[in-house]
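Peer 1: Sequence:
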Amino acid sequence: MTYTTSALLGVAVAVVIDLFVLRTRLVTRLVFWATYPIIFTFQLISNGILTGREIVVYDPAAIIGWRLVHAPVEDLFFGFALILLTLSVWITLGRRGIQRTPAAGEGSALLRRLRS
Numbered sequence: 000m001t002y003t004t005s006a007l008l009g010v011a012v013a014v015v016i017d018l019f020v021l022r023t024r025l026v027t028r029l030v031f032w033a034t035y036p037i038i039f040t041f042q043l044i045s046n047g048i049l050t051g052r053e054i055v056v057y058d059p060a061a062i063i064g065w066r067l068v069h070a071p072v073e074d075l076f077f078g079f080a081l082i083l084l085t086l087s088v089w090i091t092l093g094r095r096g097i098q099r100t101p102a103a104g105e106g107s108a109l110l111r112r113l114r115s
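Each residue of the sequence shown is one higher than the one before, counting from 0 in numbering that gives the first Met the number 0.
Warning: the hint list may mix true and false statements.
For each label pair, taking beta carbons as the anchor points, the in silico distance ranges come out as [as the list claims (entries may be wrong)]:
1. Leu-8 with Gly-64: 15 to 23 Å
2. Leu-8 with Val-56: 19 to 27 Å
3. Val-56 with Arg-111: 42 to 50 Å
Since the hints were derived computationally from the structure, they do not count as laboratory data. Backbone N, C-alpha and C define an ideal beta-carbon position, used for all residues, glycine too.
With the hints as constraints, model all of the structure from the sequences given.
Peer 2: Encoded structure:
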């Protein structure tokens, strides 16, 4: 499996989990798309540094070759899948009442559940 195939599969799995498994439907919300450019910008900066300085090097046979600020577009796909999946899980846990607000001291509701 090439890096391109893995990246596209990661996006597809994240979207399916968002829409049908966890049903958070983030990809249908304007607020997600309005704030995603912030994440995208910092992803381009970090990927640009890592690939531009050749700290991370990709096998040309494993990628399609399109780059944006030195980073292969596949990295941007993986980043999208990571952010979408993380936010979907976070929203789902919040809906279930698992640490809706920051807690300090003895611990949060999640820690109390783990201790019992």
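Peer 1: Decide, hint by hint, whether the structure agrees.
Peer 2: These are the hints, each one checked on the structure:
For Leu-8 paired with Gly-64, a C-beta distance near 19 Å keeps the hint of 15 to 23 Å intact. A hinted range of 19 to 27 Å for the beta carbons of Leu-8 and Val-56 is consistent with their spacing of about 22 Å. Our hint of 42 to 50 Å for Val-56 and Arg-111 holds, since their Cβ atoms are close to 46 Å apart.
Checked against the numbered hints given earlier, the structure satisfies every one of them.
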